[in-house]
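Q: Residue-level listing of the chains:
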Amino acid sequence: MKTVIIACGAGIATSTLICDRVKHLLSENGIAADIIQCTVADIAGHAARADLIITSMKLENRYDKPIVTAISFLTGIGREQTEQEILGHLK
Amino acid sequence: MEAILQVFTYLSDLGSMVMIPIIIAIVGLCFRLSFLRAIRAGVTVGIGFVGLNLVLGIIWTYIGPITTIFVEKFHLQLTVIDAGWAAAAGVAFATKVGAVIIPFTLLVNVLMLISKQTRTVNIDIWNYWHFAFTGAVVMTVTSSMFYGLLAAAAHCIVALKMADLSAERVQKEIGIPGISVAQGYAISSVPVYMLLEKLYDKIPGLQNRKTDTSSIQAKLGVMGEPMMIGLVLGILIGIFVGYDLKKVLELGIAMGSLMLLLPRMVKVIMEGLVPISEGARSFMEKRFKGSEFYIGLDSAVTLGHPTTITVGILLIPITLVLAMILPLNSTLPLGDLAATAFFISMATPIHRGDFVRTLISGTIMMAIVLLFASYFAPIITDTAKNTGFTFPEGATQITALSAGNWVAFVISKLMSLQALGVAIIVVLVGALLAFSKKLVLSK
Chain A
1 MKTVIIACGA
11 GIATSTLICD
21 RVKHLLSENG
31 IAADIIQCTV
41 ADIAGHAARA
51 DLIITSMKLE
61 NRYDKPIVTA
71 ISFLTGIGRE
81 QTEQEILGHL
91 K
Chain B
1 MEAILQVFTY
11 LSDLGSMVMI
21 PIIIAIVGLC
31 FRLSFLRAIR
41 AGVTVGIGFV
51 GLNLVLGIIW
61 TYIGPITTIF
71 VEKFHLQLTV
81 IDAGWAAAAG
91 VAFATKVGAV
101 IIPFTLLVNV
111 LMLISKQTRT
121 VNIDIWNYWH
131 FAFTGAVVMT
141 VTSSMFYGLL
151 AAAAHCIVAL
161 KMADLSAERV
171 QKEIGIPGIS
181 VAQGYAISSV
191 PVYMLLEKLY
201 DKIPGLQNRK
211 TDTSSIQAKL
221 GVMGEPMMIG
231 LVLGILIGIF
241 VGYDLKKVLE
251 LGIAMGSLML
261 LLPRMVKVIM
271 EGLVPISEGA
281 RSFMEKRFKG
291 SEFYIGLDSA
301 VTLGHPTTIT
311 VGILLIPITL
321 VLAMILPLNS
331 TLPLGDLAAT
341 AFFISMATPI
351 HRGDFVRTLI
361 SGTIMMAIVL
371 LFASYFAPII
381 TDTAKNTGFT
391 FPEGATQITA
401 LSAGNWVAFV
411 ISKLMSLQAL
421 GVAIIVVLVG
431 ALLAFSKKLV
441 LSK
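Order-wise, the sequence lines are chains A and B. Everything in the first sequence is counted per my numbering, starting at 1 for the first residue and increasing by one. Everything in the second sequence is counted per my numbering, starting at 1 for the first residue and increasing by one.
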C-alpha cells in the first residue's frame with residue numbers, strides 16, 4: 001500500500017480534479033494507494049508517511065519525498081509524461 | 001429570451017436545493033454526459049448546498065455572539081463575519097446566475113477567442129464563481145437576471161484581458177509555459193500591483209530585490225493549516241472578549257470546525273462539477289489548441305512560490321490589526337485568513353518574487369479587500385437569504401474577503417444605474433480591449 005499526498009491551493013477544487021485522474025491511473029495499473037487530499041500548507045503534517053507528493057504548483061522540495069507537479073492534468077499538455085513520472089515513483 | 005426567463009423563474013421558485021441540481025444536470029447533458037452521470041452531478045451539487053447550509057449554523061451559534069460583545073464592550077464595529085471564500089462560492093453557485101455560469105462563461109470566452117480579443121482559454125471552471133458572484137450581487141441589487149448576466153460577462157471579459165496582460169510574467173516567475181491566470185479575484189489585483197510596482201521603482205530603499213525567504217519561513221513553521229488557524233484565533237478572541245475557560249475552548253473548536261468543514265462542504269459541490277469541468281475542458285481543447293493560446297488556470301498555481309507562502313502567513317496578523325484600525329471596516333476576518341496567500345498570488349510574479357514589495361503590496365491589498373468585503377456584506381447576506389440559506393432572526397451578516405473585489409464593486413455600482421450603467425461598462429470594456437496591447441507586462 002502506497003500513500004500519496006495530492007495538494008493544491010485550497011485543497012478543494014484543483015486537487016479534486018487531480019485526485020480523480022490519479023485514482024484512475026493507479027487502478028488501471030493495479031497500484032493500491034491511500035490518497036490524502038489537502039492544501040499546500042498541510043503537506044508538512046502528512047509528508048512523513050507519504051511515498052509521493054503530487055501538487056498543482058511548482059514547490060520547493062523541503063520534505064525529503066519525491067514531488068510531481070501535475071499541472072499537465074489540468075492543461076492536458078504533457079499528461080502522459082506526468083503519468084509515467086507518477087507510476088515511476090510508485091512501482 | 002422571455003420564455004427562457006419564465007422557465008428559470010419557475011425553476012427558481014423550487015428553491016436552490018432543487019433548482020440547481022436540475023439545471024446542473026441539464027448543463028451536464030449539454031456537455032454529453034450520460035443521463036445518470038448528469039443526474040448524479042446535479043444531485044452532488046445540491047447535497048453540497050445542504051451541507052453548506054448546515055455548517056453555516058456554526059456561525060450563528062458560536063461566532064455571531066462575539067460580534068455583539070465587540071460592539072457593546074469594545075465599541076469595535078466588527079459586526080460582519082468573514083465566512084470565507086467557500087461560503088461566497090457556494091452562495092454564488094446557488095443563485096440563478098450561478099446555475100448557468102459555466103455554459104455562459106464558456107460562451108463569452110469562445111466569443112472573445114473567435115474575435116481575437118483574448119488568447120486565454122479559461123478552463124478553471126470552479127473559479128467561475130467569481131463571475132457568478134458579481135452577477136448574483138447585481139441580480140440582488142437590480143432584481144434582474146439579465147443585468148446579472150451582463151455583469152458576469154463584464155467581469156469575465158476583464159478577467160480574460162488581465163490574464164493576457166500578466167501571462168508572460170506569470171509563466172516566467174512560476175516556470176510553467178503556456179498558461180495564464182484568469183481567476184476572478186486575482187485579475188482584479190493585477191492592475192493594483194502593476195501600479196505599485198511602478199511606484200516602488202521610484203523609491204530608493206526598495207531597489208535591492210530580496211527573494212530569499214527561507215530564514216523567515218523556518219521561524220514560522222507549519223502554522224498555515226486552516227483548522228489550526230481557526231483554533232488559535234478562536235481561543236485568542238475568546239480570551240479577548242473575556243469568556244470563561246469553557247467558552248474560550250468552545251469558541252476555539254467552533255472556529256476550527258468552520259475552517260475545516262465549510263471548505264469540505266464546498267468540496268462536495270466541486271466534486272459534482274468535476275464531470276462538467278471535464279466536458280468543458282475537452283470542448284475547449286478540441287477547438288482552441290496550439291501555441292497562440294494560453295490555458296487559463298487558478299491562481300493556486302502560483303502559491304508554491306516561497307515569497308507567496310511566507311507573506312501569506314505574515315498577512316494573517318496584519319489583516320487582523322487592519323480590521324481593528326481601519327475606518328469604515330465592519331468585517332471580522334476569519335474564514336479567508338486561511339487563504340491569505342491567494343490575495344498576493346499575483347503580487348509575487350509582478351514584483352518578481354521580491355519579499356518587501358510583496359509584503360507592502362499585500363498589506364495595502366488586505367486593507368482594500370476589507371473595505372469592499374464590508375461594503376458587500378448586506379448584499380451577500382440578502383443574496384444568501386434569497387437563495388434559500390437559513391438565517392435565524394437577527395443573525396449576523398456574512399461576507400468573504402475573497403468577495404472584496406473592486407472589479408465586482410465597480411460593475412455592481414454601475415449596473416445599479418441599469419441602462420446608463422450598461423452603456424458606461426460597454427465603453428470602459430471597449431477601451432480596455434482597445435488599449436490593452438500597450439500594457440502587456442514583459443517577461
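Don't take each hint at face value.
[Claimed, not checked] With a cut-off of at most 25 Å between alpha-carbon atoms, the simulated DMTMM-like pairs for lysine to aspartate or glutamate come out as follows:
no.: 1; chain 1: A; residue 1: Lys-23; chain 2: B; residue 2: Glu-285
no.: 2; chain 1: B; residue 1: Lys-286; chain 2: A; residue 2: Asp-20
no.: 3; chain 1: A; residue 1: Lys-23; chain 2: B; residue 2: Glu-271
no.: 4; chain 1: B; residue 1: Lys-267; chain 2: A; residue 2: Asp-64
It is worth saying that the hints were derived from the structure and are not from the lab.
Q: Compare the structure with each hint and give your call.
A: Against the structure, the hints:
Of the pairs offered as hints, the one joining Lys-23 (chain A) and Glu-285 (chain B) holds, with about 23 Å between alpha carbons and a cut-off of 25 Å not exceeded. With a C-alpha separation of about 21 Å, the suggested pair Lys-286 (chain B) and Asp-20 (chain A) falls inside the 25 Å cut-off, and the hint holds. Proximity of Lys-23 (chain A) to Glu-271 (chain B) is assessed by CA-CA distance (about 14 Å); at most 25 Å being required, the pair is judged to hold. Between Lys-267 (chain B) and Asp-64 (chain A), the direct Cα distance comes to roughly 29 Å. Violation of the 25 Å bound is thereby established for this hinted pair.
In summary, the one numbered hint that this structure violates is 4.
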